[in-house]
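Trainee: So the chains spell out like this:
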Amino acid sequence: NAGVTQTPKFRVLKTGQSMTLLCAQDMNHEYMYWYRQDPGMGLRLIHYSVGEGTTAKGEVPDGYNVSRLKKQNFLLGLESAAPSQTSVYFCASSPGSSNSPLHFGNGTRLTVT
Amino acid sequence: AQSVTQLGSHVSVSEGALVLLRCNYSSSVPPYLFWYVQYPNQGLQLLLKYTSAATLVKGINGFEAEFKKSETSFHLTKPSAHMSDAAEYFCAVSGEEYGNKLVFGAGTILRVKS
Numbered sequence: 183n184a185g186v187t188q189t190p191k192f193r194v195l196k197t198g199q200s201m202t203l204l205c206a207q208d209m210n211h212e213y214m215y216w217y218r219q220d221p222g223m224g225l226r227l228i229h230y231s232v233g234e235g236t237t238a239k240g241e242v243p244d245g246y247n248v249s250r251l252k253k254q255n256f257l258l259g260l261e262s263a264a265p266s267q268t269s270v271y272f273c274a275s276s277p278g279s280s281n282s283p284l285h286f287g288n289g290t291r292l293t294v295t
Numbered sequence: 002a003q004s005v006t007q008l009g010s011h012v013s014v015s016e017g018a019l020v021l022l023r024c025n026y027s028s029s030v031p032p033y034l035f036w037y038v039q040y041p042n043q044g045l046q047l048l049l050k051y052t053s054a055a056t057l058v059k060g061i062n063g064f065e066a067e068f069k070k071s072e073t074s075f076h077l078t079k080p081s082a083h084m085s086d087a088a089e090y091f092c093a094v095s096g097e098e099y100g101n102k103l104v105f106g107a108g109t110i111l112r113v114k115s
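First to last, the protein sequences are chains A and B.
Position one of the first sequence corresponds to residue 183 (my numbering), numbered consecutively onward.
Position one of the second sequence corresponds to residue 2 (my numbering), numbered consecutively onward.
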């Protein structure tokens, strides 16, 4: 019963460094999402994917890139980290359609100094 | 842009008291509505969802929510708070007017006092 797994759980970066966050789901879901959570702002959508090989921009895409080479994996990349990207990042997946609830991973806490 | 508003970033209740967390949405067509709960250092878990089958929706852990179209609201309630209910609660909406993507409110942190 793994569900949605995110790695790593914690990371500290220096400004300008790059990194990739990995999300894996074992539920054969078509849709996958990356959100960031900041105090008092709820969750904001960064990028999402409606199927293998597809990606689309969400509400706050600047400074991030994503790839969905395999259906079960959704990668979030930061090419040049900035302090404003300090946040908790959540990956989620769903079967698709607007009334399908999302299944969330446990998050990655990223600090950029 | 369509939005979802949670009134009150922090709510404090005594153990055994009624829990009421407020959520209002803005759209001309009733959207799909969800409540999620987040315990410390964890991801979000679905509490309940409204998809037009019934206006009163029952969820897990004794929570329920009522969809009121005239008030564009979907408030979350629980008759008697338990210490284990302390968490952050998020209202979320989706549907055509939201680009068929899930849009979250800012969240309400529930504190339960003994």
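Do not rely on the hints blindly, as some may be mistaken.
[What the hints assert, rightly or not] Within a straight-line C-alpha distance of at most 25 Å, the following computed DSS-like cross-link-like pairs (lysine-lysine) qualify:
(1) A/K252 / A/K191
(2) B/K102 / A/K253
(3) A/K239 / B/K114
(4) B/K59 / B/K70
(5) B/K59 / B/K69
(6) B/K70 / B/K114
(7) B/K59 / B/K102
(8) B/K102 / A/K252
(9) B/K69 / B/K50
If you're looking for bench data, these hints aren't it; they were derived computationally from the structure.
Keep in mind it's a predicted model, so treat the numbers as computed, not measured.
Trainee: If you draw a straight line from the CA of B/K102 to the CA of A/K252, is it 25 Å or shorter?
Mentor: Holds, because 22 Å separates the two Cα atoms, which is no more than 25 Å.
Trainee: Could you grab the alpha-carbon distance between B/K59 and B/K69 and see if it respects the 25 Å cut-off?
Mentor: Within the cut-off at roughly 15 Å; holds.
Trainee: Please work out if A/K252 and A/K191 have their alpha carbons no farther apart than 25 Å.
Mentor: 22 Å, holds
Trainee: Are B/K102 and A/K253 close enough, with their CA atoms no more than 25 Å apart?
Mentor: 19 Å, holds
Trainee: Given the hinted pair B/K59 and B/K70, is their Cα-Cα distance within 25 Å?
Mentor: 18 Å, holds
Trainee: Given the hinted pair B/K69 and B/K50, is their Cα-Cα distance within 25 Å?
Mentor: 14 Å, holds
Trainee: Hint check: A/K239 vs B/K114, CA-CA at most 25 Å. Holds or violated?
Mentor: Cα-Cα ~42 Å, so violated.
Trainee: Is B/K70 within 25 Å of B/K114, Cα to Cα?
Mentor: 33 Å, violated
Trainee: For the pair supplied as a hint, B/K59 and B/K102, confirm whether the alpha-carbon distance does not exceed 25 Å.
Mentor: Satisfied, since the Cα-Cα distance of roughly 23 Å is no more than 25 Å.
In terms of the numbered hints stated before, the structure departs from hints 3 and 6, listed from lowest to highest.
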